[in-house]
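Protein chains: 6
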Amino acid sequence: MSIVVADIKRADPEIAASLAAYGVATVHEAQGRVGLLHHRLRPIYRGATISGTAVTCTLPPGDNWMIHVAAEQCQPGDILVAAPISEAHSGYFGDLLGTSLMARGVKGLVLDAGCRDIGDLEKMGFPVWSRSICAHGTVKETLGEVNVPVSCGDALICPGDVIVADDDGVVVVPRQKAAEVKKAAEARIAKEEKSRARYQAGELGLDVNKMRGRLQEKGLTYVTQAAWEKGQ
Amino acid sequence: MSIVVADIKRADPEIAASLAAYGVATVHEAQGRVGLLHHRLRPIYRGATISGTAVTCTLPPGDNWMIHVAAEQCQPGDILVAAPISEAHSGYFGDLLGTSLMARGVKGLVLDAGCRDIGDLEKMGFPVWSRSICAHGTVKETLGEVNVPVSCGDALICPGDVIVADDDGVVVVPRQKAAEVKKAAEARIAKEEKSRARYQAGELGLDVNKMRGRLQEKGLTYVTQAAWEKGQ
Amino acid sequence: MSIVVADIKRADPEIAASLAAYGVATVHEAQGRVGLLHHRLRPIYRGATISGTAVTCTLPPGDNWMIHVAAEQCQPGDILVAAPISEAHSGYFGDLLGTSLMARGVKGLVLDAGCRDIGDLEKMGFPVWSRSICAHGTVKETLGEVNVPVSCGDALICPGDVIVADDDGVVVVPRQKAAEVKKAAEARIAKEEKSRARYQAGELGLDVNKMRGRLQEKGLTYVTQAAWEKGQ
Amino acid sequence: MSIVVADIKRADPEIAASLAAYGVATVHEAQGRVGLLHHRLRPIYRGATISGTAVTCTLPPGDNWMIHVAAEQCQPGDILVAAPISEAHSGYFGDLLGTSLMARGVKGLVLDAGCRDIGDLEKMGFPVWSRSICAHGTVKETLGEVNVPVSCGDALICPGDVIVADDDGVVVVPRQKAAEVKKAAEARIAKEEKSRARYQAGELGLDVNKMRGRLQEKGLTYVTQAAWEKGQ
Amino acid sequence: MSIVVADIKRADPEIAASLAAYGVATVHEAQGRVGLLHHRLRPIYRGATISGTAVTCTLPPGDNWMIHVAAEQCQPGDILVAAPISEAHSGYFGDLLGTSLMARGVKGLVLDAGCRDIGDLEKMGFPVWSRSICAHGTVKETLGEVNVPVSCGDALICPGDVIVADDDGVVVVPRQKAAEVKKAAEARIAKEEKSRARYQAGELGLDVNKMRGRLQEKGLTYVTQAAWEKGQ
Amino acid sequence: MSIVVADIKRADPEIAASLAAYGVATVHEAQGRVGLLHHRLRPIYRGATISGTAVTCTLPPGDNWMIHVAAEQCQPGDILVAAPISEAHSGYFGDLLGTSLMARGVKGLVLDAGCRDIGDLEKMGFPVWSRSICAHGTVKETLGEVNVPVSCGDALICPGDVIVADDDGVVVVPRQKAAEVKKAAEARIAKEEKSRARYQAGELGLDVNKMRGRLQEKGLTYVTQAAWEKGQ
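Chains as they are written, first to last, in my numbering: chain L, 8 to 239; chain X, 8 to 239; chain S, 8 to 239; chain G, 8 to 239; chain R, 8 to 239; chain U, 8 to 239.
Please keep in mind that the hints were generated in silico from the structure rather than gathered at the bench.
Just to be clear, a hint being listed does not mean it is correct.
Any copy will do: because identical chains look the same in the list, a pair fits if it lies in one copy or spans two.
Said to hold, decoys possible - Cut-off 25 Å, straight-line C-alpha distance, at most; resulting in silico cross-link-like pairs (DSS-like, lysine-lysine):
hint : residue 1 : residue 2
1    : LYS201    : LYS190
2    : LYS198    : LYS217
3    : LYS190    : LYS16
4    : LYS217    : LYS201
5    : LYS217    : LYS147
6    : LYS16     : LYS201
7    : LYS130    : LYS201
8    : LYS190    : LYS237
9    : LYS198    : LYS130
10   : LYS16     : LYS237
11   : LYS225    : LYS184
12   : LYS190    : LYS225
13   : LYS184    : LYS130
Because the structure is a prediction, the values reported are computed rather than measured.
Generate coordinates for the entire structure from the input sequences, incorporating the hints supplied.
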């Protein structure tokens with residue numbers, strides 16, 4: 008028996024939508040350096056930044072049937088997260104499914120497998136983060152599941168969690184932590200702005216972050232080239 | 008003894024040239040989901056779409072001599088298909104050879120190895136689908152063969168076959184099937200246009216493709232979150 | 008004890024800066040096809056070409072502390088070369104460190120590990136050649152070394168050597184050979200210009216490079232399709 | 008805050024221990040072809056087959072501290088499942104930790120990262136399924152979590168689930184399904200025994216599985232070599 | 008329409024069987040360093056050496072149906088060559104199919120995809136050269152072809168060709184060249200025996216192969232450590 | 008001009024030979040977790056442990072000529088370290104060269120490329136750590152260098168350094184540090200023996216290494232399953 012969970016709880020949609028503004032690297036840092044998906048997931052084109060609530064599905068090898076089933080569960084503001092249960096590079100997704108998801112207000116797709124029609128998807132402005140770009144077609148024979156917790160890109164994603172994706176990759180924020188992570192991201196941005204100004208003025212990270220003492224304690228030693236060569 | 012076959016039969020040049028308009032994914036579907044080259048072959052720049060007739064050659068490890076031999080066998084409308092006989096990432100091809108092939112009317116190169124001078128090739132508008140981008144030079148010491156059937160990108164390509172390449176990758180259409188595949192691609196495009204209109208109007212793939220009955224037969228079951236959690 | 012060598016000898020800065028004009032492939036050929044870094048090092052955005060003198064550092068797994076230490080050793084015209092001592096994909100470098108290095112006149116970064124904030128780095132115009140794009144944060148706990156010879160991208164790089172990087176990849180020129188390589192690169196460019204004109208006029212590499220005799224000696228044989236098929 | 012869940016529910020220990028007898032491939036089939044971990048997880052030596060209940064932990068990059076924390080949560084019959092939160096190849100585990108886990112009755116380790124001391128671990132008879140074999144040491148600076156659901160080898164594993172591992176790889180069986188999967192595995196073994204006897208007697212899969220009709224319906228056609236060549 | 012060619016011409020069975028004695032490296036050299044399959048094809052266990060005539064089939068993604076169809080076309084002395092048309096790691100082959108092929112006198116399998124039940128296959132003594140070891144099951148829904156030329160492991164293999172496989176990998180010898188390659192392999196073995204005796208006696212390759220003159224011509228220069236350091 | 012340095016200084020041969028007894032992981036730890044070669048270098052057969060002094064050479068793509076040149080520079084107790092200047096998988100080394108090196112007292116080979124004749128090399132007992140196993144032959148056309156510092160397996164190796172290799176991989180110890188590393192390795196072994204006894208007696212790493220306080224400070228918190236679920 009394969010399951011579709013039809014009434015998932017989603018993270019607050021405003022908070023979910025707002026996290027895109029901080030970017031993947033900052034959100035990942037803000038929640039304590041967890042939740043990043045594997046860097047094998049790359050955007051099919053550069054420059055898109057999105058955030059939204061996850062609808063999840065699992066995909067059998069070479070079979071994209073469940074993406075159609077999952078599409079019905081999507082609401083405006085969602086991001087579809089599609090996780091194959093075995094390494095696969097076939098093109099599970101193309102411009103027709105992209106048209107369908109756009110029509111439903113879905114912001115993008117995270118797909119740990121192959122994507123095709125990437126030229127058309129770029130023209131349409133429907134962003135996908137995928138493992139491969141591959142035109143090989145898929146079949147519709149075997150069921151998977153929709154809106155259950157999935158392992159995608161070596162990360163655990165529950166339906167309703169917040170997904171943030173940009174050129175740096177993809178990060179997941181658990182539904183219950185979205186508000187807290189938003190606050191931490193704001194604080195981090197503010198702090199980084201101050202550091203940036205100092206870096207632009209030519210100050211070194213060694214001083215901005217007060218690292219010199221600890222480096223010395225650990226034994227960092229400055230020598231001349233001549234001294235170094237003599238030691239070799 | 009190494010062979011150059013000098014008078015190969017080519018697919019009809021008009022049909023060959025026309026397949027680019029359908030794109031790789033559609034042509035691949037139209038001929039029954041066969042003939043796609045491995046997705047490790049990627050364009051060195053985005054946005055080019057070409058189709059044409061294959062001139063083939065094999066390449067010894069780190070040796071690009073046969074590309075020069077193959078260039079002489081090329082006619083306007085051809086696409087050169089270069090297949091190393093052992094995994095290799097050296098830069099077998101650069102802007103000088105690109106200049107030579109362009110001067111002969113060759114539309115592009117499919118190379119299951121490394122390519123270099125990619126900035127210049129992009130400026131010239133000579134597209135290459137390659138396995139790697141690598142500047143390492145090659146030697147000219149060992150023979151290969153020209154215009155024999157080759158294994159390139161995990162696909163079997165005969166001289167004179169049609170090659171179609173775009174941002175999605177590369178597909179080969181056997182010479183004898185080019186006309187038939189063109190018809191099937193046209194039919195597929197027409198059908199997709201109809202589906203696209205329905206998707207844009209918000210219809211679901213479940214309904215456009217009448218999938219609901221078969222999903223139910225296979226055992227797909229819709230449950231509430233509460234029911235799902237109880238079952239865990 | 009970890010070492011920072013503080014007074015390295017650099018290649019002549021004018022020569023170092025001038026090598027960018029020849030590009031990676033030509034410089035690599037000009038010094039006898041050695042010194043190319045592995046093609047896994049790719050630019051985080053297309054179109055940048057730089058050359059300059061190397062400041063080197065080693066990086067413990069998941070720890071970017073030494074980039075801060077190395078930043079202080081950088082002068083205008085330098086390129087930072089950062090080499091992890093174990094395969095790593097974490098994001099060792101982002102826009103804040105990029106701001107710091109730009110403020111110091113550093114031309115770019117070669118990093119055999121992960122980079123993040125690539126959208127911001129592209130906007131700033133600070134080019135990085137990296138192994139991965141990955142937002143995973145790093146710690147600051149363990150020392151490495153600065154301005155010692157390093158193994159980066161499967162190549163040996165000494166502090167003060169010249170680095171050239173463009174869309175084709177990265178090449179290192181030993182400090183002592185920079186002037187000689189510059190001359191050889193100039194000569195190569197001049198020779199290539201002549202060949203290019205002949206290629207553009209439709210001449211074949213077989214004739215431009217006088218290859219026909221040697222190919223025949225090695226046994227290259229031209230046959231008809233009919234003869235080939237009979238031989239199968 | 009990092010969490011250790013200290014009183015997890017485990018699958019029935021007898022059932023968990025009994026699944027090893029069926030092997031990974033059969034258990035995977037018996038539960039409907041789900042739950043297999045990625046094939047990048049390979050045994051460090053051949054011939055071990057184990058099954059048991061999962062204790063899980065997450066691992067920061069290059070940091071094996073949480074394996075020590077997790078060790079305390081292990082009981083006889085458990086299998087430790089250690090999941091890095093970012094791709095990592097360092098040697099998180101060696102013979103000392105192996106000695107500790109053996110002393111506590113742990114049957115083996117599933118580690119989606121690097122393992123070292125594999126010669127000693129083989130002599131001791133403590134099996135590990137790992138992503139890499141790598142001696143690079145790790146630090147003890149950053150917390151992870153113990154006995155929370157983890158993504159390991161592209162699969163979702165909850166504490167208390169059953170793990171089965173042999174030369175074919177690793178599969179997870181959810182705690183709640185262990186009894187049902189055991190029954191299905193038994194049935195499958197019985198059926199396979201019958202098929203095996205027929206195969207040994209020289210019968211073909213086409214007949215054992217009554218495939219001929221369906222193949223014909225799908226259009227499979229038998230031709231002579233002469234006919235095939237004429238069609239080319 | 009999918010084709011099974013039912014009456015292929017095979018290489019002389021005695022010659023085919025005899026090539027195993029020379030090993031893969033020698034046969035590959037003897038036919039001019041062509042025909043080696045990609046090194047990603049590895050034996051599932053060490054120590055088997057086989058040679059025989061190829062029966063070929065293509066495999067759709069995640070679908071092993073055609074192995075059953077191909078089994079019927081196999082005769083004693085054959086080696087089955089199974090080539091997926093898209094990168095795939097699922098376990099297309101296990102002990103039941105191994106039992107069936109052994110019962111028909113097949114010597115082994117070359118499979119550019121995943122294999123499972125490797126412990127049982129080793130016990131049975133049925134050798135497989137595969138791309139992956141993976142237990143993920145396959146379906147039986149889509150046709151491929153049997154006994155047509157295939158691209159397997161980046162090499163072109165025709166039905167009836169000779170396959171040789173050992174711990175070094177897999178090589179294909181075209182049917183028409185089997186006798187000639189056998190002679191060349193014999194000659195090579197004889198020559199190597201003489202060289203081996205000289206190497207065992209402490210002679211250097213520089214002298215056994217008379218390389219010193221040509222090395223000097225190319226510019227090889229012997230220097231002292233002191234001279235080298237001065238040059239740096 | 009290509010260089011052979013003919014009179015390199017070697018580490019003390021007794022110390023070099025003695026490091027094998029400590030194994031790769033321990034030596035790597037003893038010198039401060041540096042010097043490990045990339046884990047892509049794997050032994051061609053299990054169970055060999057060697058240590059000795061490095062003779063180094065660089066290898067052009069697909070060209071093994073310099074291994075012959077380097078052989079002459081080897082003395083009993085040496086280990087040959089062969090580093091391609093571009094990623095390569097061809098079989099640069101086989102049983103004839105193995106015979107030659109054995110006859111000269113060389114203990115083994117570290118080769119960041121392909122190796123062949125692995126069955127014969129295992130029978131002879133000549134161990135090789137290589138990147139690939141591949142039978143593809145190489146040519147003898149292009150020079151490299153012998154006994155210069157090389158980048159091999161992402162590590163910097165100078166001629167005369169000590170190499171230690173076992174089933175865990177390969178580590179390099181700079182010539183000048185060999186004696187100091189030996190002492191540190193001895194101390195580490197002694198300390199590990201004490202820890203091992205405590206682990207065997209069932210003590211936890213948490214107590215053996217007094218970790219509990221620091222874990223608590225960092226915020227590690229023990230909760231019940233019920234509490235954890237409520238927090239989700």
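Next item on the list: Indicate which option fits the pair LYS225, LYS184 if close means a Cα-Cα distance not exceeding 25 Å: within, between, both or neither.
Entry: between (36 Å within a copy, 20 Å between copies)
Margin query: As a check of your reading, is LYS190 near LYS237 (CA-CA no more than 25 Å) within one copy, between copies, both or neither?
Written below: Between copies, since 23 Å is at most 25 Å while 53 Å is not.
Note to self: Within, between, both or neither: how does the pair LYS16, LYS237 come out at a Cα-Cα threshold of 25 Å?
What the structure shows: between (67 Å within a copy, 15 Å between copies)
Margin query: I want to check one pair: LYS190 and LYS225. Are their C-alpha atoms no more than 25 Å apart within a copy, between two copies, both, or neither?
Written below: between (34 Å within a copy, 22 Å between copies)
Next item on the list: Could you figure out if LYS217 and LYS201 sit no more than 25 Å apart (CA to CA) within one copy, between two copies, both or neither?
Entry: within (15 Å within a copy, 39 Å between copies)
Note to self: Regarding LYS217 and LYS147, is the shortest C-alpha distance of 25 Å or less found within a copy, between copies, in both, or in neither?
What the structure shows: Between copies only: 12 Å across, 58 Å inside.
Item checked: Status of LYS190 relative to LYS201 across identical chains (alpha carbons, at most 25 Å) -> The answer is within: 17 Å in one copy meets 25 Å, while 47 Å across copies does not.
Checklist line | Within, between, both or neither: LYS198, LYS130 at alpha-carbon 25 Å | finding: For LYS198 and LYS130, the Cα distance is within 25 Å only across copies (21 Å; inside one copy 37 Å).
Margin query: For LYS190 and LYS16, with the copy left unspecified, which applies at a CA distance of at most 25 Å: within, between, both, or neither?
Written below: The answer is within: 21 Å in one copy meets 25 Å, while 35 Å across copies does not.
Next item on the list: Pop the pair LYS130 and LYS201 into one bin, within, between, both or neither, using alpha-carbon distances up to 25 Å.
Entry: between (38 Å within a copy, 19 Å between copies)
Notebook entry, point to check: Given identical chains, is LYS198 near LYS217, meaning Cα to Cα at most 25 Å, within a copy, between copies, both, or neither?
Noted result: within (15 Å within a copy, 36 Å between copies)
Check: Under a CA distance limit of 25 Å, which applies to LYS184 and LYS130: within one copy, between copies, both, or neither?
Finding: For LYS184 and LYS130, the Cα distance exceeds 25 Å both inside one copy (34 Å) and across copies (31 Å).
Comparing the model with each numbered hint stated earlier shows that hints 6 and 13 do not hold.
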